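As you go down the protein sequences, you meet chains G and X in turn. For the first sequence, the numbering used here gives the first residue as 1, with consecutive numbering after it. For the second sequence, the numbering used here gives the first residue as 1, with consecutive numbering after it.
Think of the hints as simulated: they come from the structure by calculation, not from any bench. Please note that a few of the clues may not be correct.
As the list claims (entries may be wrong) - Calculated lysine to aspartate or glutamate pairs in the EDC-like style (CA-CA distance at most 20 Å, straight line): (1) K4/G to D479/X; (2) K84/G to D88/X; (3) K84/G to E475/X; (4) K84/G to D453/X; (5) K449/X to E45/G.
Computed from a predicted model, the values in this text were never measured in an experiment.
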Amino acid sequence: MSRKITLQHASQSEPVSVSIEKVAEGSPNDFHVVLGDRRIDAEIELFGSGAGWIRLGGKVVRFYGHRQGDDIQVWYGGKVYDFKTVDAEGPKGAVRGAVLLPELTAPMPGTILRILVADGDELSAHQPLIIMESMKMEMTISAPAVGCVKEITCSEGDLVEMGALLIRLEDSGGGAGDE
Amino acid sequence: MDDELKIALLTEQWHVNRERGASLMFKKVLIANRGEVAVRITNTLQQMGIVAVAVHSQPDRWGLHVRRADEAYALEGESAADTYLRIDRIIDIAKSCGADAIHPGYGFLSENAEFAQACSDAGIVFIGPSPDVIRKMGDKMIAKTTLADAGVPVVPGYWDDGNADVATLEKQAERIGYPVLIKAAAGGGGKGMRVARDVKELRSGLDVARRESVSAFGDDRVFLEKYVASPRHVEFQIFGDSTGRTVHMFERECSIQRRHQKIIEESPSPALTPELRDEMATAAVRTAQAIGYEGAGTVEFILDESGAFYFLEVNTRLQVEHPITEMRLRLDLVRLQIEVAAGLPLPFEQVDLVPTGHAIECRVYAEDAARGFLPSVGTIRHFDAPVGANVRLDSGVQAGDEVTVYYDPMLAKLVVWGMSREEALSRMVWALRRFAVTGVTTNIAFMAKVIGDPAFVRGEYDTHFLDSFAVEDHESIPDEVLVASAMMARDAKKQVHGSQSAATAAASPWRDAGGWRGV
Numbered sequence: 001m002s003r004k005i006t007l008q009h010a011s012q013s014e015p016v017s018v019s020i021e022k023v024a025e026g027s028p029n030d031f032h033v034v035l036g037d038r039r040i041d042a043e044i045e046l047f048g049s050g051a052g053w054i055r056l057g058g059k060v061v062r063f064y065g066h067r068q069g070d071d072i073q074v075w076y077g078g079k080v081y082d083f084k085t086v087d088a089e090g091p092k093g094a095v096r097g098a099v100l101l102p103e104l105t106a107p108m109p110g111t112i113l114r115i116l117v118a119d120g121d122e123l124s125a126h127q128p129l130i131i132m133e134s135m136k137m138e139m140t141i142s143a144p145a146v147g148c149v150k151e152i153t154c155s156e157g158d159l160v161e162m163g164a165l166l167i168r169l170e171d172s173g174g175g176a177g178d179e
Numbered sequence: 001m002d003d004e005l006k007i008a009l010l011t012e013q014w015h016v017n018r019e020r021g022a023s024l025m026f027k028k029v030l031i032a033n034r035g036e037v038a039v040r041i042t043n044t045l046q047q048m049g050i051v052a053v054a055v056h057s058q059p060d061r062w063g064l065h066v067r068r069a070d071e072a073y074a075l076e077g078e079s080a081a082d083t084y085l086r087i088d089r090i091i092d093i094a095k096s097c098g099a100d101a102i103h104p105g106y107g108f109l110s111e112n113a114e115f116a117q118a119c120s121d122a123g124i125v126f127i128g129p130s131p132d133v134i135r136k137m138g139d140k141m142i143a144k145t146t147l148a149d150a151g152v153p154v155v156p157g158y159w160d161d162g163n164a165d166v167a168t169l170e171k172q173a174e175r176i177g178y179p180v181l182i183k184a185a186a187g188g189g190g191k192g193m194r195v196a197r198d199v200k201e202l203r204s205g206l207d208v209a210r211r212e213s214v215s216a217f218g219d220d221r222v223f224l225e226k227y228v229a230s231p232r233h234v235e236f237q238i239f240g241d242s243t244g245r246t247v248h249m250f251e252r253e254c255s256i257q258r259r260h261q262k263i264i265e266e267s268p269s270p271a272l273t274p275e276l277r278d279e280m281a282t283a284a285v286r287t288a289q290a291i292g293y294e295g296a297g298t299v300e301f302i303l304d305e306s307g308a309f310y311f312l313e314v315n316t317r318l319q320v321e322h323p324i325t326e327m328r329l330r331l332d333l334v335r336l337q338i339e340v341a342a343g344l345p346l347p348f349e350q351v352d353l354v355p356t357g358h359a360i361e362c363r364v365y366a367e368d369a370a371r372g373f374l375p376s377v378g379t380i381r382h383f384d385a386p387v388g389a390n391v392r393l394d395s396g397v398q399a400g401d402e403v404t405v406y407y408d409p410m411l412a413k414l415v416v417w418g419m420s421r422e423e424a425l426s427r428m429v430w431a432l433r434r435f436a437v438t439g440v441t442t443n444i445a446f447m448a449k450v451i452g453d454p455a456f457v458r459g460e461y462d463t464h465f466l467d468s469f470a471v472e473d474h475e476s477i478p479d480e481v482l483v484a485s486a487m488m489a490r491d492a493k494k495q496v497h498g499s500q501s502a503a504t505a506a507a508s509p510w511r512d513a514g515g516w517r518g519v
């Protein structure tokens, strides 16, 4: 029984649909794999948690992988590949380019060192907004595009979690988002 | 006294001390550090038959350095300031557990003169130089003055007054000539350092450098140096003992840096001729003698395109990249540090130190090279490194360990040795390509790309090499990866999600990278 899964690679635009099924109940290592419109046979031997060997086209290679929710990470040949599993129709609302985000969040847990703007400030693209410290590094959060500060939701000295809302932005005077 | 007699006396003294060494040697040593360096020191202590004591913060309570130690004690708290920087608590633990000595590792309290003094006041040996030497060399302004007086070449600049007003500094910057480098007197590791190309950048740079310096070191003094446009960072390992013997252990080339922090080091340096190496080694030994250095230290130089070199600073501790020196000389520098601290003389002379082959170190960081080296946190799922003959891994983590936001995200150091540079480079690329880490993003694939870069292979690089190094590669995804992913997804519950993450990534402020810097 095979099921179709769509994998979206973190830096590639086109998702790939894959499905995998055992060739026969008696041979646990032999699989039919469908990659997009191609069908290939692979021998897979798992050893331990999320690590194994794949024999493909006569070549045996080692891989490491793990899954957490929708995220799949695979190490192969010295590189790590990150995927999201998505539904068969592919991602909704495709990537829209540099659209002004209404909200900026903390990319890492850390401390707010300085806030360089105030409510209502007009912003130019890439203007520094907030300086944070995380893992002994200072980092600057900048405006993604032209806009205006709607609301600042943190204060200097705050300890914030990853993903915490820091600042709300809005278009300046109803202007366009993508500069 | 002629040299031969002196050597004979020293040798005899050495044998006597070796015998006495058994009774002089420490029984128990506390390691005031965490991560890979704490594990590294533990290994040597245990090989020497000395009990290794770990201290740990709350997030590190199950860390590898704790698991490897013979005894471990908690430092209540999470931040470095509440734990690994608490002199009073560490001394209390050392006293109550009966430690004879404290090894500070690198970072944290390793170059803190008050800590060295507090150890000595408590009757505990600090494994490192004297508080006085640490204080003098920790203050970059005093260090420059001292060594300029000793005849060691220093970068031209202004270091008379660390609290000079803006007007004075503007005048001095004019005299030195732009671009100038603003540096924190108490600084190190790129913290509190800024380049100023004109007077406007000088004013804003002074503000930032002072702020970073206050936050990192509690000291706002800064000084100016002529900015060397295309510098290489070449340092010499030095070692001194209580008999006054001082040796150098050759150089380490550390020019591959991001955010002013080294990530790849090699020895020998591809930039040194034998004559230049001798000249720099002589300056390094002169530096060590000028300050009466005891224990392991490093004299850092910058080397410009013309082959002129200038003293940068002395690091009064074990250096992160010490393993490349160990690989070439087949020595254990931590063991030597412990023996010297116990009062034993160095068991060799300069002529005995003959390095062989080529060694390279890659620092494995939990960070994303494609996103401005943004640190990555999470649980390490797999951590499988190729180790064996001539491939060494000094690691602070294993699979299952957490990488937290509290400390520096360096996970491990991969070190290789080869008969030639060529052999060492190809072995390193092989080792990096075999080093599997999942769960957190690492810089392993990025470093393999750097080592394979034609300019790097030719040895043509300076400290700006990574500034313009292309990180992105849009290669197609191998079938093997898709098959493995399908295998991983096989039992996944089908869940429907929009493209929130993709949209966020596209417009993320982190796309503007370059916002990162050390503090």
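These are the hints, each one checked on the structure:
{"no.": "1", "hint": "K4/G to D479/X", "result": "holds (16 Å)"}
{"no.": "2", "hint": "K84/G to D88/X", "result": "violated (48 Å)"}
{"no.": "3", "hint": "K84/G to E475/X", "result": "holds (18 Å)"}
{"no.": "4", "hint": "K84/G to D453/X", "result": "violated (31 Å)"}
{"no.": "5", "hint": "K449/X to E45/G", "result": "violated (30 Å)"}
The earlier numbered hints that this structure contradicts are 2, 4, 5.
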